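Chains E and A, in that order, are what the protein sequence lines are. Count the first sequence with the working numbering and you get residues 8 to 373, in order. Count the second sequence with the working numbering and you get residues 40 to 390, in order.
Please keep in mind that the hints were generated in silico from the structure rather than gathered at the bench. Predicted model only: the values in this text are computed from it and were never measured. Keep in mind that a hint or two might mislead.
Covered stretches of chain A (chain E as the covering partner; in silico rule of three or more C-beta atoms under 8 Å from a C-beta of chain E) [said to hold, decoys possible]:
#, stretch
1, 126-136
2, 143-151
3, 327-340
The calculated DMTMM-like cross-link candidates involving lysine to aspartate or glutamate, where the alpha carbons are at most 25 Å apart (straight line), are [claimed, not checked]:
#, chain 1, residue 1, chain 2, residue 2
4, A, K357, A, E184
5, A, K133, E, D273
6, E, K176, A, E105
7, E, K315, A, E194
8, E, K41, A, D113
9, E, K182, A, D112
10, A, K350, A, D239
11, E, K316, A, E194
12, A, K327, E, D323
13, E, K41, A, E212
14, A, K383, A, D290
15, A, K357, A, D43
16, E, K176, A, D119
17, E, K18, E, E63
18, E, K41, E, D57
19, A, K236, A, D384
20, A, K277, A, D50
21, A, K304, A, E373
22, A, K133, A, E194
23, E, K221, E, D177
24, A, K48, A, D264
25, A, K160, A, E212
26, A, K133, E, D323
27, A, K358, A, D183
28, A, K390, E, D162
29, A, K133, E, D177
30, A, K302, A, D244
31, A, K216, E, E42
32, E, K18, A, E194
33, E, K88, E, E341
34, E, K253, A, E386
35, A, K191, A, E212
36, E, K311, A, E333
37, E, K41, A, D112
38, E, K182, A, D113
39, E, K253, E, E225
40, E, K88, E, D72
We put the beta carbon where it would ideally sit given N, CA and C, even for glycine.
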Amino acid sequence: MIQVGIIGCGKMADCHAFQIQRITGAEIVAVCDKEPLMARDIAERFRIRDYFSSAEDMLSSAKLDIVHITTPPPSHYTLAKLCIEAGSNVYLEKPFTLNTSEAVRLINLATERNLKIIAGHNAQFTPAMVRMRELVRDGYLGGNPIHMECHYCYDFGDENYAKVLLGDKDHWVRKLPGSLLQNIISHGISKIAEFLVGDNPEVIALCFTSTFLKNIGENDIIDEVRVIIKDENSTTAYFTFSSQIKPVPHQLRLYGRKNSLIVDDDHQILIREDNREYKSYARYFIPPFIYASQNIGNFAKNFKGFLKKEFYTANDFALKTLIESFYLSVSRKEPLPISYREILLTSRIMDAIFQQMGQSINDYRK
Amino acid sequence: MDHDCIIKKSDLILITGANGYIGSRVFKTLIGYGFTRIRCFVRSSRGSSQMQRVGDTSQAEVEFIEGNLLSRDDCLRAVDGVSVIYHLAAGIGKSFPDCFLNSVVTTRNLIESAIQGHNLKRFLNTSSIAVYSNVKIPHGGLLDETCDIDTKFVERCEAYTYGKAKQDEIVLEYGHKNNLPYVIVRPGVVFGPGKAKITDRIGTDTFGVFLHLGLKNRIPLTFVDNCAEAIVLAGLKKGVDGQVFNIIDDDLPTSRDFLKLYKQKVRRFFSIPIPYPVWFCFCALWEKYSQWSEGQLPPVFNRRNCEVYWKRINYSNKKAKELLGWQPKVPMQEALNIFFDYMKDEEDKKK
Numbered sequence: 008m009i010q011v012g013i014i015g016c017g018k019m020a021d022c023h024a025f026q027i028q029r030i031t032g033a034e035i036v037a038v039c040d041k042e043p044l045m046a047r048d049i050a051e052r053f054r055i056r057d058y059f060s061s062a063e064d065m066l067s068s069a070k071l072d073i074v075h076i077t078t079p080p081p082s083h084y085t086l087a088k089l090c091i092e093a094g095s096n097v098y099l100e101k102p103f104t105l106n107t108s109e110a111v112r113l114i115n116l117a118t119e120r121n122l123k124i125i126a127g128h129n130a131q132f133t134p135a136m137v138r139m140r141e142l143v144r145d146g147y148l149g150g151n152p153i154h155m156e157c158h159y160c161y162d163f164g165d166e167n168y169a170k171v172l173l174g175d176k177d178h179w180v181r182k183l184p185g186s187l188l189q190n191i192i193s194h195g196i197s198k199i200a201e202f203l204v205g206d207n208p209e210v211i212a213l214c215f216t217s218t219f220l221k222n223i224g225e226n227d228i229i230d231e232v233r234v235i236i237k238d239e240n241s242t243t244a245y246f247t248f249s250s251q252i253k254p255v256p257h258q259l260r261l262y263g264r265k266n267s268l269i270v271d272d273d274h275q276i277l278i279r280e281d282n283r284e285y286k287s288y289a290r291y292f293i294p295p296f297i298y299a300s301q302n303i304g305n306f307a308k309n310f311k312g313f314l315k316k317e318f319y320t321a322n323d324f325a326l327k328t329l330i331e332s333f334y335l336s337v338s339r340k341e342p343l344p345i346s347y348r349e350i351l352l353t354s355r356i357m358d359a360i361f362q363q364m365g366q367s368i369n370d371y372r373k
Numbered sequence: 040m041d042h043d044c045i046i047k048k049s050d051l052i053l054i055t056g057a058n059g060y061i062g063s064r065v066f067k068t069l070i071g072y073g074f075t076r077i078r079c080f081v082r083s084s085r086g087s088s089q090m091q092r093v094g095d096t097s098q099a100e101v102e103f104i105e106g107n108l109l110s111r112d113d114c115l116r117a118v119d120g121v122s123v124i125y126h127l128a129a130g131i132g133k134s135f136p137d138c139f140l141n142s143v144v145t146t147r148n149l150i151e152s153a154i155q156g157h158n159l160k161r162f163l164n165t166s167s168i169a170v171y172s173n174v175k176i177p178h179g180g181l182l183d184e185t186c187d188i189d190t191k192f193v194e195r196c197e198a199y200t201y202g203k204a205k206q207d208e209i210v211l212e213y214g215h216k217n218n219l220p221y222v223i224v225r226p227g228v229v230f231g232p233g234k235a236k237i238t239d240r241i242g243t244d245t246f247g248v249f250l251h252l253g254l255k256n257r258i259p260l261t262f263v264d265n266c267a268e269a270i271v272l273a274g275l276k277k278g279v280d281g282q283v284f285n286i287i288d289d290d291l292p293t294s295r296d297f298l299k300l301y302k303q304k305v306r307r308f309f310s311i312p313i314p315y316p317v318w319f320c321f322c323a324l325w326e327k328y329s330q331w332s333e334g335q336l337p338p339v340f341n342r343r344n345c346e347v348y349w350k351r352i353n354y355s356n357k358k359a360k361e362l363l364g365w366q367p368k369v370p371m372q373e374a375l376n377i378f379f380d381y382m383k384d385e386e387d388k389k390k
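Isolated chain A, as found in the complex:
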């Protein structure tokens, strides 16, 4: 890594959203690689004590800055002297304006502050694999970095993904306009300890009973530690400026396998398997009703998001492996076991 790394171990690195789910893992990975100056930008330093301890034991110089990326002053403080920015802070609200404000406006502020200095060597932007449109990909087709980005997020009724896609647009704009040295990573479904949730790609319990969707589909999972490592590499590797990387692990389980294992290892519950054509028709009807009723029921189920989340397609991580030299260190079986053990503990706590 050392010979094709764009910075020295003593160069200053900024992580936004550093005490978040992925951010805290990116922090640990960087410490593990031996980087000695890390600045963590957080909304609130509550819950950062464990990170501080990791920093202390490594002898690295770790600085926590509390602030809000909506403040230009906070952004200027955050980027002062940094060589690499890992931008992991994101808007997680439910409304379009919230997600736009906390993903796009914040990113614009951060970039404009960063390009005022002369040290910046890489701006690592974290996006999502959900920004792609699957409409043109046939069943069984391949989703990779060359696929089209969706433009119909309002129709998809997805504020978070909308924010992420618009955030990518801002990064690309500054890349072209101001030669921002950016890299974009688009992780799949990040899972692991710390996030006690089964992804909607497996199914939904919105209607009181768990509807098992996807069935034979491969779920584009990435274990949180593997994902963090890919993000770290994308921020450091020479010669990948302007590239986009999808981050997905190897040996992806099918939706059916995942649910079967979950029921075996965590808890048993009743689920109804729903074939894709049936779910697609349901989504189409819901969408029609939503239009007819002028949004009395919002179009949360619609054909576009049905295709994105539940159409059977394959995913490629070839580019990340080839250009970043990334390999998922935690194999899928081990990652699933770790996750299920964590989920079991969480379930036991509820009792």
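Just chain E, with the same shape it has in the complex:
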């Protein structure tokens, strides 16, 4: 039985605990939060044996095979280091660390100790993303993508988060180097990083505050970003983050030499764009029919998954898939579901965006 601990007993810890309890062969034996009431609460609701208000106490109380860290990002580095030094493998929620330097140090430390660490980029493992990856591996694109477009947006209409963030000038999200962006965009950036070659892509970012936020007197948060990325092999990507586009898109488009693919993560739709020419008016009749068939196929896959009680929401499915794959990687010495290279590349691209965001803010203030 894999002995699991969780540090940080907020909303994400609930999501993790729920999925871990569905994994055969794993047991949450301890939870920890610096607020003892929060630790006690989750322990009571999930019937977890021990709860602590100090990570050191938790790590010294039992040998934990894997520790999930679901605290706000500023504490990620320190806590992950502590867990690795105590001999535990680590599942670290996104964003992995505050910057690449911290990410490198954690990965090196885990490797030295023969332990593993993973970033909580669970959006990489939604059912549609998993199917997309299989098609790419089977050569559907005709090699690596030539170009990618990723829209990973956010809705300020989500009162749960927006109200709290906008109403609290001291909210921890505001104190991150990349502020709101740092807490959200790693999912979208990692989708691009997966297919990039080399370690140092060119990154050009345009960052600004939406008129919506300006109109309510909020000038400190950047909520609009457009990014162009180019790697050493001349693979390019556009990344879009917006808080204003409706419906809020979470989409990835891969353009290949042979064919292209569209992943709509909101509705779990995967569309294949076959490179096939149709003569005359046939081009107006046959492709729409093919797209309609593909959409029906997507519906059937989603519904079949639901009937087999395998579907859940896409994010829950993705979280369980990633956690389960990570546990297998730890227990059977299999490769990590997300490579260290991808984690670091995601971090480097984010650093480059935040650096240019800082310049944008300075320009705005001038």
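Use these hints to put chain A onto chain E, whose structure you have.
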């Protein structure tokens, strides 16, 4: 009121969540009673200008403090020198940890700060009537302050009510441990201008069509101004320390009457009446499916919350009337008319 009030008009009063739906009414009621020093604790002072104007016209000394009850320092600033605390701030998130954090941890912080001083004469805690369990109450039975508090909120899949019940527990704990002079109020369904929503106790449109539930049930409504007055009295009245009060208006309409009037006065829409036994069976099936599928569909419909929200029971406001001397000043018919006029305006705005 003056002779059996625990504080003087010039004593300092704190309202947490002061610019919220009920908080702003509690503020106006206190101003109306002639209290001259009120401190309003708010997350953000956006939307507080109207309250400031009310304060200015009354000549009362009104202080707004922006802060977060999760911060001990903010709590200490808030409670400094106060005699009565009206604790109306609450966690309204959808998840259990959010509601627990913003209801329980915040309340603990506020209480621990308050008991460090020596001025506190009353800690008024605002809970909810939904914390009661109706399981042991038979159809047609009475729900009052002596009824059992539910302990199965996870099964009920209700994060907000869970937070409220745990918040009550913290208040009781400090009441016993530290002699905190508390009073708990449990309002029913608070309605009135400012909240453009029909309560789920009337029905739900989750499935695309409005399912009318409850039918002949009396809905435990309390008009927002009446509720605010009861809360104010519970914070001031002598001799009620350690008491719990349910706040419900008189002449409660049935679910059917409410919906009929709504359709007449606000807008017409199609609804399907669902008898209680049918809805109970649906909830039981949903709950079973949720268990079988390991939560693929969360158990948002379940037998326990079906009993709490849609079983036909009666509600008593006798204790609040007797011990607080409270009477709903706005009669139910007038309150409904005010609410429907407001809802009509809101509907027209959408056009």
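Return the numbers of the hints above that this structure violates; sort them in rising order. none
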